[in-house]
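S.K.: Go ahead and model the full structure; you've got the sequences and the hints to work with.
Using this note's numbering, read the sequence shown as starting at 1374 and increasing by one per residue.
What the hints contain is simulated information worked out from the structure, not anything from laboratory work.
Hints are all accurate, no fakes.
With a straight-line cut-off of 30 angstroms between C-alpha atoms, the simulated DSSO-like cross-links for lysine-lysine are: (1) LYS1473 - LYS1457; (2) LYS1479 - LYS1457; (3) LYS1459 - LYS1421; (4) LYS1473 - LYS1421; (5) LYS1479 - LYS1421; (6) LYS1459 - LYS1479; (7) LYS1459 - LYS1473; (8) LYS1457 - LYS1421.
Fair warning: this is a prediction, and the values are worked out from it, not measured in the lab.
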Amino acid sequence: DFPSALAEFEEAEEDFDDIRPKLHPEDALGALASRAMLHNSKGFALMKLEPPRTAQARREFVRSVTYWPEYPEALLNIGRELIKRKRFDVAARTLTTAAKWQPGSKPIQEASDLARRGMAGQLEDAEAGVVQISAPSQ
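M.R.: Here it is in structure tokens:
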């Protein structure tokens, strides 16, 4: 259940702050990637609430890429959220970055195609509105 998951994400985030000073420098990259995944997952959970907390989710997706700028899943979720808001040009650039880090990804390619169609004025409002945010991978 997503409300419970959000509470767990908050707790995990507090734990990161306590653990960070104790990390060995060699563990830093893994810790950053884990924190990025936490924020991407938190954004996904926020989108699944009724009603969805879109603005908060957007902040979590953006926060995710501050920890791991090349994180394809977070970039995909940002791109999809931008498509929903009809910010097709920014979505296309974001998704191009995601594709650099995960070439051949069908979800990234499909979202990129939607963004390009939107830029060309060939995307129906209904199509932009039904874009789904990606569930975090395990």
